[in-house]
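S.K.: Between the sequences and the hints, there should be enough to build the whole structure, so can you do that?
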Amino acid sequence: MRKNQLQERMSKYTAPQEVKARGVYPYFREVESDQDTVVKMGGKDVLMFGSNSYLGLTNHPKLKEAAKKAVDKYGSGCAGSRFLNGTLDLHIELENKLAEFVQKDEAIVFSTGMQVNLGVLSSIVGRRDFIINDELNHASIIDGSRLSFATVRKFQHNNMESLENVL
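The opening residue of the sequence shown carries number 286 in this note's numbering; numbering runs sequentially from there.
Just so you know, these hints were derived from the structure itself, not from any lab.
Everything numeric in this text was worked out from a predicted model, so none of it was measured.
Where is the CB? At the ideal position from N, CA and C, for every residue including glycine.
Hints may contain errors.
Computed beta-carbon distance windows for the label pairs [as the list claims (entries may be wrong)]:
1) Tyr-312 to Leu-448: 27 to 35 Å
2) Tyr-312 to Asp-357: 31 to 39 Å
3) Lys-382 to Asp-321: 24 to 32 Å
4) Leu-448 to Gly-362: 36 to 44 Å
5) Thr-299 to Ala-392: 47 to 55 Å
6) Asp-321 to Phe-395: 18 to 26 Å
7) Gly-371 to Val-405: 16 to 24 Å
8) His-442 to Lys-329: 27 to 35 Å
9) Lys-354 to Arg-438: 46 to 54 Å
M.R.: Structural data, given as structure tokens:
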């Protein structure tokens, strides 16, 4: 396909511009304030229903101070994955404290829920296992299930008859 043909086809795809013009485009909306239950967007205070700050700790003064100290000591990131060169002494300290807190030998910290589901499901479930998923499970659960090489079946969301058929 020539460059001009591609540009011509792309120019015909106007759905994002149309949705933006109606003021209902849901992606890449700028947050102009700290992360809390109410945030400022477009100069207005709005309720935040999409936050991952489940415990509301994003703005906790102790965490903000600890983050500043960590940036001073380590820079703005680990510069690598935990697996290769991104494990800091802070990670080990946190994991040891968590293990002690929950009275277990060890603990591991993942940076996102996506990584938890991919890592845990793919490591504890294998080829001889079965996973039964609600069709509306989070994508990370679906992907973790696939990575496990288990036999995966799904049932219709909240449909007990569908679940019974799968079982």
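S.K.: Does 18 to 26 Å hold as the CB distance between Asp-321 and Phe-395, or does it fail?
M.R.: Roughly 24 Å apart at Cβ, these two residues keep to the hinted range, so it holds.
S.K.: Tell me if the beta carbons of Lys-382 and Asp-321 are separated by a distance inside 24 to 32 Å.
M.R.: Given a distance of about 26 Å, which is inside 24 to 32 Å, the answer is holds.
S.K.: At the C-beta level, are Gly-371 and Val-405 separated by a distance inside 16 to 24 Å?
M.R.: holds, 19 Å
S.K.: A range of 27 to 35 Å was offered for this pair. Does it hold for the Cβ distance of His-442 and Lys-329?
M.R.: Holds, at about 34 Å.
S.K.: For the pair Leu-448 and Gly-362, does the Cβ-Cβ distance stay inside 36 to 44 Å?
M.R.: Given about 43 Å between the Cβ atoms, the range holds.
S.K.: Verify the CB-CB distance for Tyr-312 and Asp-357 against the hinted window 31 to 39 Å.
M.R.: Given a distance of about 34 Å, which is inside 31 to 39 Å, the answer is holds.
S.K.: So the hint says 47 to 55 Å: do the beta-carbon atoms of Thr-299 and Ala-392 match that?
M.R.: About 50 Å separates the Cβ atoms of Thr-299 and Ala-392, which means 47 to 55 Å holds.
S.K.: Does the beta carbon distance between Tyr-312 and Leu-448 stay inside 27 to 35 Å, or does it fall outside?
M.R.: About 33 Å separates the Cβ atoms of Tyr-312 and Leu-448, which means 27 to 35 Å holds.
S.K.: A range of 46 to 54 Å was offered for this pair. Does it hold for the Cβ distance of Lys-354 and Arg-438?
M.R.: holds, 48 Å
Checked against the numbered hints above, the structure breaks none of them.
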